[in-house]
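Turn these sequences into a full structure, and let the hints guide you.
Which chain is which? The protein sequence lines are A and B, in order. Quick note on the working numbering: the first sequence kicks off at 1 and runs consecutively. Quick note on the working numbering: the second sequence kicks off at 1 and runs consecutively.
Don't read these hints as lab results, they were simulated from the structure. What you are looking at is a predicted structure, and each value in this text was computed from that prediction instead of being measured. Errors might be hidden in some of the hints.
A short, non-exhaustive set of chain A residues, derived as facing chain B with CB atoms under 8 Å [what the hints assert, rightly or not]:
| no. | residue |
| --- | --- |
| 1 | R35 |
| 2 | T47 |
| 3 | T65 |
Quick look at which bits of chain A chain B covers, simulated, 3 or more residues with Cβ under 8 Å [said to hold, decoys possible]:
| no. | segment |
| --- | --- |
| 4 | 49-63 |
| 5 | 108-115 |
| 6 | 252-262 |
For every residue, glycine included, the Cβ atom is placed at its ideal position computed from N, Cα and C.
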Amino acid sequence: MVENDERQMVNAEWQTVDRERRMGLGAYLRRVIERPRGWALSYLLTTGLALGPALLMTLAWAPLTRHPLFSQILATRSVDALSDFVMSGAGNGGGIWGTLALLLAFPIWVLARLIWTWLEGGTLAEYAAGQPLSWRAFAQAGWRWFGAFLTLNLLGAVLVGGVGGVALLLAVFVYMRSPALGWVIAGAGLALAGLIATWTEVARAVALTQNQRGVFQVLGAAARAMVRQALPLAALVGGGLALYGLLYLAHRWLVDLLPLHWWLPTLLIQQAYTIVRLGIRLARQAGQVGLVTAIAAWYDTKAIMI
Amino acid sequence: MSNPKSKIQNPKSKIQNPKSKIRCLWLALLCCVGLLRAPAPSLGQATVPPPDVASYTIVAAYDPQTHTLTGQQTAMYHNHTTVPIPTLVFHLYLNAFRSAETLWLRESDLRLRGYSFDPNAPGWIRIDQIALADGTALTVKPLDDDETLVEVALPQPVAPGASVSVDIAFTAQFPKAFARTGWADGGDFIFGGQWFPKFGVWEENERHGGAWNAYPFHANSEFYADFGRYDVALTLPQGWVIAATGTAAPTAKANADGTVTHTFSAEHVIDFAWTASPKYREMTRKVEGVDVRVVYYPRQRAMARRALQATAGALPLYHAWFGAYGKSLYPHLTVVIVPPDAGGAGGMEYPTLFTVGALGGMMPACVRMIEVEAVHELGHQWFQSVVATNEAEEPWLDEGFTDYATIRAMNALYDGAIMDCLGWNFSYLAMHRLQYIMYPDTPMAGAAWDFDSLQYGIATYSKPALALTTVERTVGEAAMQRFLSTYFDRYAFAHPRAEDVRAVMEETLGAEVTTWFFEQLVHGNATLDMRVVTLDEQATLEREGDLCIPTTVRVTRSGRQAPETLAWPCDTPTLTIDGAPRLVEIDPAGAIVLDRDLANNQLRRAPDPATGAGLAVRWLRFWQDFLWGGAVW
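So, in structure tokens, the structure goes:
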């Protein structure tokens, strides 16, 4: 595209964002459905990458299905059957397929995280933009924010893991003396880990809407945004987690009703669960974009540079 | 009540006389009311136990500051044999804890069940003075280096049918609790177990033809004693709550020095244990006519409730399966929840009292350690407190029967599960199997000190429990019931041996079961692994091991045909099945839980596509969650 044309397109989108700053949170949440590209790509990415190892592990374990006790383990979650099976010489499953799956696990996981990070840039940019983006703009947004988002993701993982790990160890230690206090510490650790995860998530929304790639600057701005939008953010994150919980319980209840060999209904329920869960996560992120965008007075809003 | 015959003989008069009809109705109503007011079902006929053999009157005072107890004891022994008794033998169990050099502590590597000996807080017991009732002084002679067993020569032997009484002044120092007995919580908790000079058992039989059955205290060993009466007066500081074997006197005596003397009496018991703390709370419940009391620390209230619930659930079951609690002679039962730093005192049984350890309270409620411990220790009220086998020489007799009862009670109360968390369940029976298959060839017979600690657990707990479960599933519940109730009834307040159990088993269950149970499992090292070796156009099944228990095999050939059941006698080491079976299942009822490997008991000819597809779907979900990393966020 000619530079003048690009500048005109940018100015148009800037004007659109400016007007949409006055939109409610609901409008941003609706964008998850109105602009389903991020949702669809997320699901396809996750499923596509998971199919390979899933098939490998199934091939590895297929010979074990000759043993009814193995089916009993899967169907009833009996540790009795599991312990008998593990102690037995009967189950020599795995072999090359299992080994291959385990060897590929970490590389595939790293690849998935990297593609997720790229996808997140395009998806959040699409939620923030006044109009749906073109495929090219979507892809370029992903590359533009890849470095910053990757840094934020890594930082978040380290902080969450560190805080969560310390809290867990402390909770276990205290639990031996006082079970009630142990639970309190575990709960507080969990809440703190959640807070940190939200902080790095909001930071991504701030980075994108403020067009700021300095990690510490966006983290500071994100902290201020979290204070400013504490209640709606708490409702957004808390509501999302509550929905996760309900969804998980509902899906588990349904799946547990089904016999092991009813694989097709199980597949449909599990994939529906995965799709909806992805949608809830994206809605949370879209909502964060909306909340951050609404703090117009705190930010020196710039055009989204594409 | 009117004579029903008169009604039948003269029905017309009944119709023609409405007043007599009304009278009948009133009588029927009164009968119903009478039934409604009938007393609760009794525990059964009280048994008349044999005369007391070893009885004690003890007056003692405990000092929580120094953890010492001083006592005056009158111990009476009755010679119920035909052989004169020339000496008296006493157990002084507390001397096993006087230093790290004792036999007990060397054998145990200074710990029991994970709790360690504190060398700064040892335990011991000393006889300060011993004399006959007429004042004749007696001399104590140690029978082992640690003085856990002492002998007292008598001026005159105790003639058959006669009794002897001795007065003993003794002092005991309790150790910091790590092995059943001792103090904890800075001195605010005391459990008095094996705390007084205790008679051995004088026996006249083929094994001990006129001798004392008493051994130095070994680490693996528990106890063996005669039945008798205990009258115990314990003096403690004011404000201490005490629980003990037997029945407490209605009121305690307040003393001028600020202490309080509590009095207990217990009849037809083999031991007396007690516990006290100023921090105890209690909860009570009447279960089938038995007053059940639970004592616990305030922060252990939830544990106490669970233990009480488990006890209340299991007590009626044991009553139905074996016979009345204490043969209806014990009106009380006490459950002690020991505080966390007295965990070593937990999980132990005494007549009309048992302890539950604190570890279960640290686990989530879906792990039923408290319940299984309560159910197990309650079972000992039948097998040990009433059927008082020799825990030193034949430990499997009380532990094995009790753990079999525990498996059965856990099945009835909790679907067998000792753990049921997040949909994953693990049974108490499977826990025993895991231990058993480590050394399945360990014979059950043997003295406690014949085994190392792992094999002791297998020989004493796991293998007998599994063996008895196999017997039950082989002969059926009704026959098993006959065996158990006959055994309990015949040997209540007695000291049966393995040969006595064998005789009852043969009488009630027959020679075949008795042979494989006793010759191959109790005294032998037979094991068994039945397996489907190959399955294609023909199935080949093999038995490996000498344990001879016949079983059946279920063969499924095609979806339309009903499965066929074949007998597999134990003298047939290999079985071949033709006709391209689709699925072969050995012992489909799961009766033989002693089979070393249950996973190879069933096999399909080909991988099951439905299970495979179900597996693939679950793996897909797992990898989606793993790769996404957002399973919870």
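Evaluated hints:
{"no.": "1", "hint": "R35", "verdict": "violated, 20 Å"}
{"no.": "2", "hint": "T47", "verdict": "holds, 6 Å"}
{"no.": "3", "hint": "T65", "verdict": "holds, 4 Å"}
{"no.": "4", "hint": "49-63", "verdict": "holds (count 11)"}
{"no.": "5", "hint": "108-115", "verdict": "holds (count 4)"}
{"no.": "6", "hint": "252-262", "verdict": "holds (count 4)"}
Checked against the numbered hints above, the structure violates only hint 1.
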